[in-house]
Structures are given as structure tokens and as C-alpha cells.
Amino acid sequence: MKVLYFAWLRTRVGHAEDAIDLPKNVTDVRGLIEVLRAKGPNYATALKDLNTVRVAVNHDYVKLDHSLKPTDEVALFPPVTGG
Amino acid sequence: MIRVQREDFDPGAEIAALTRGRADIGGVVSFTGIVRDLAGDRKIGAMTLEHYPGMTEKQLAEIDAEANRRWPLAASLVVHRYGKLLPGDRIVLVVTASPHRDAAFDACRFLIDWLKTRAPFWKLEETEAGADWVKAQADDNAAAARWEKPASKRPRAAE
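Quick note, the sequences are listed as chains A and B, same order. 1 is the number of the first residue of the first sequence in the working numbering; add one for each residue after it. 1001 is the number of the first residue of the second sequence in the working numbering; add one for each residue after it.
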């Protein structure tokens, strides 16, 4: 599964993209975030406060209970500030 | 119609192109967003707009489609830039055209309010103190929230 990071989530994680093999018992976004947090302190810091994290799957906004498929493109980013 | 681009745009030329040969359009409203040189009391040297290619276009197209569902628009256009911008540079253009002005005014305001809270862009401001990611504004969320009600339930001025 492709996981992308943008803005300060990208700078805190330290890179823009990961390829993640989702464990069988992980089925939703919340579970994926737990897997990422366990990858290291940079991830744990970036994903500490989920109030400041937005999630998109295949270019649509989703909530934390959204079910994931291995072919999904997941993106994690802060609230947007364009316009 | 939506466009995401690094290059500058000419609002006048965009409006002219959108309305050329259209006798059904009674009015055109446009909004142009420009980079300010101040963030609070900090002087901004430059701003870099990061975005999420693919999702940006999809979200802008959905917002544009929603505007066209809510109001009887004859034409609409959203152009949003990304990359490095300097104070005074144009960032975003919204143009709406309709037979009567109310729809064009309301839809233009709706488009800029919604894209500010939905289109995946992030501003990195460069100041003398260093570079900082701009925080999302509560004001922007409030501005977007007022459009949550269906358009038919909002009071409409007589045309």
C-alpha cells in the first residue's frame, strides 16, 4: 500500500512516501496509523495528535474507520491552507 | 472548469475567454487571491504552495460541480497556482458567470470558501525567522460552514 505525506507531516516523518505491507489484522485507517506510529519516533511525533491530521484514500477524504484495501493510495496531511 | 498550474494567469484574459461569444451571460463575478507581504506582524519574503497532484484536481472539480448544481451558472472557472510565489503574486482565480448576478455572486463566494477548506494545498511561508507552515484558520472553517445548508434554503434576493 502506498502512503503519502504532505506539508509538515512530510517534514516530520522525513520523507514523502512509504510502501507499507498491511498486517492481516489491520483493516482500517486507524489501524494503519498505529502501524505507522510504531515505525519510529519521527512517525509517532508526526501522528501524535490526530485532530491535526486529515486522511484521503484514493483522492477522497475519509474518516479513521474507513476500510483499506492493499491497492489503496492513502495520504496523510494537515488541514489544508490554500486559496 | 478547473486548472492547477505553476504559471501566472491573467484574470482579464481568463474572463474574456470564458465569456466570449456568450449572449446568455448577464453577469460575471471574479475573485483573485494575492500573496500578502505580512503574516500577523512577520514580513513574508516568499511563499511556497505544496499540493497533492491528482487529489487537487479531483477536489476542485467536485467543488466546481457542486457550485453548478446549486446555482444556474452559465460558466465557471477555478485556477489555482502551486510552487514558489512572491508577495503581490496571484495565487487563485475564481470566475462565475450567470444570466443574473445573484447566482454569480453567491457561487463565486461559495467556490473560494469551499476550496480553502477542501482543496489539498499547503502554504509554507518564508520569513526572516525561517520557514513556517501556515496553520488552518478557524475563520476559513466558519466561512465554509455557512454553505453547508442547501442553497434552496438560503434567503435569495429578488433578481
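A portion of the hints provided could be inaccurate.
Below, computed lysine-lysine pairings styled on DSBU-like, alpha-carbon distance capped at 30 Å [claimed, not checked]:
1. Lys48/A to Lys69/A
2. Lys48/A to Lys63/A
3. Lys2/A to Lys69/A
4. Lys63/A to Lys1058/B
5. Lys24/A to Lys63/A
6. Lys39/A to Lys69/A
7. Lys24/A to Lys69/A
8. Lys2/A to Lys1084/B
9. Lys2/A to Lys1135/B
10. Lys1135/B to Lys63/A
11. Lys1135/B to Lys48/A
12. Lys24/A to Lys39/A
13. Lys48/A to Lys2/A
14. Lys48/A to Lys1058/B
15. Lys1135/B to Lys39/A
16. Lys1135/B to Lys1043/B
17. Lys1058/B to Lys2/A
18. Lys1084/B to Lys1135/B
19. Lys1043/B to Lys69/A
Okay, the calculated beta carbon distance ranges per label pair [as the list claims (entries may be wrong)]:
20. Pro1072/B to Asn25/A: 27 to 37 Å
21. Ala19/A to Pro1072/B: 45 to 55 Å
22. Asn25/A to Phe1031/B: 25 to 35 Å
23. Ala19/A to Ile1025/B: 47 to 57 Å
24. Arg1022/B to Thr11/A: 39 to 49 Å
25. Glu34/A to Ile1025/B: 48 to 58 Å
26. Pro23/A to Ile1025/B: 49 to 59 Å
27. Gly1027/B to Lys24/A: 23 to 33 Å
28. Gly1045/B to Thr45/A: 46 to 56 Å
29. Gly1012/B to Lys2/A: 13 to 23 Å
30. Ala1046/B to Thr71/A: 30 to 40 Å
31. Ala1039/B to Asn51/A: 20 to 30 Å
Hints listed in this document are in silico derivations from the structure and should not be mistaken for laboratory results. We put the CB at the ideal spot given by N, CA and C, even for glycine.
Each hint tested on the structure:
1. Lys48/A to Lys69/A: 24 Å, holds
2. Lys48/A to Lys63/A: 17 Å, holds
3. Lys2/A to Lys69/A: Holds, because 11 Å separates the two Cα atoms, which is no more than 30 Å.
4. Lys63/A to Lys1058/B: Cα-Cα ~18 Å, so holds.
5. Lys24/A to Lys63/A: 20 Å, holds
6. Lys39/A to Lys69/A: Judged against 30 Å, a Cα distance of about 20 Å means the pair holds.
7. Lys24/A to Lys69/A: 11 Å, holds
8. Lys2/A to Lys1084/B: With Cα atoms ~27 Å apart, lysine 2/A and lysine 1084/B stay inside 30 Å; holds.
9. Lys2/A to Lys1135/B: 26 Å, holds
10. Lys1135/B to Lys63/A: 21 Å, holds
11. Lys1135/B to Lys48/A: It holds: about 17 Å lies between the C-alpha atoms, which stays within 30 Å.
12. Lys24/A to Lys39/A: Status holds; Cα separation ~17 Å.
13. Lys48/A to Lys2/A: It holds: about 21 Å lies between the C-alpha atoms, which stays within 30 Å.
14. Lys48/A to Lys1058/B: Satisfied, since the Cα-Cα distance of roughly 28 Å is no more than 30 Å.
15. Lys1135/B to Lys39/A: 26 Å, holds
16. Lys1135/B to Lys1043/B: 16 Å, holds
17. Lys1058/B to Lys2/A: 19 Å, holds
18. Lys1084/B to Lys1135/B: Roughly 18 Å between the alpha carbons, so the hint for lysine 1084/B and lysine 1135/B holds.
19. Lys1043/B to Lys69/A: 45 Å, violated
20. Pro1072/B to Asn25/A: 27 to 37 Å: Since proline 1072/B and asparagine 25/A have Cβ atoms about 51 Å apart, the given range 27 to 37 Å is violated.
21. Ala19/A to Pro1072/B: 45 to 55 Å: The hinted range 45 to 55 Å holds for alanine 19/A and proline 1072/B, with Cβ atoms some 47 Å apart.
22. Asn25/A to Phe1031/B: 25 to 35 Å: 48 Å, violated
23. Ala19/A to Ile1025/B: 47 to 57 Å: Given range 47 to 57 Å: holds, Cβ gap about 49 Å.
24. Arg1022/B to Thr11/A: 39 to 49 Å: Given a distance of about 46 Å, which is inside 39 to 49 Å, the answer is holds.
25. Glu34/A to Ile1025/B: 48 to 58 Å: Taking Cβ atoms as reference, glutamate 34/A and isoleucine 1025/B lie about 53 Å apart, which means the hint holds.
26. Pro23/A to Ile1025/B: 49 to 59 Å: Since proline 23/A and isoleucine 1025/B have Cβ atoms about 56 Å apart, the given range 49 to 59 Å holds.
27. Gly1027/B to Lys24/A: 23 to 33 Å: 58 Å, violated
28. Gly1045/B to Thr45/A: 46 to 56 Å: The hint (46 to 56 Å, Cβ to Cβ) is violated, given that glycine 1045/B and threonine 45/A are roughly 28 Å apart.
29. Gly1012/B to Lys2/A: 13 to 23 Å: 41 Å, violated
30. Ala1046/B to Thr71/A: 30 to 40 Å: At roughly 38 Å between Cβ atoms, threonine 71/A and alanine 1046/B fall inside 30 to 40 Å, so the hint holds.
31. Ala1039/B to Asn51/A: 20 to 30 Å: Holds, since alanine 1039/B and asparagine 51/A (Cβ atoms, about 23 Å apart) stay within the stated range.
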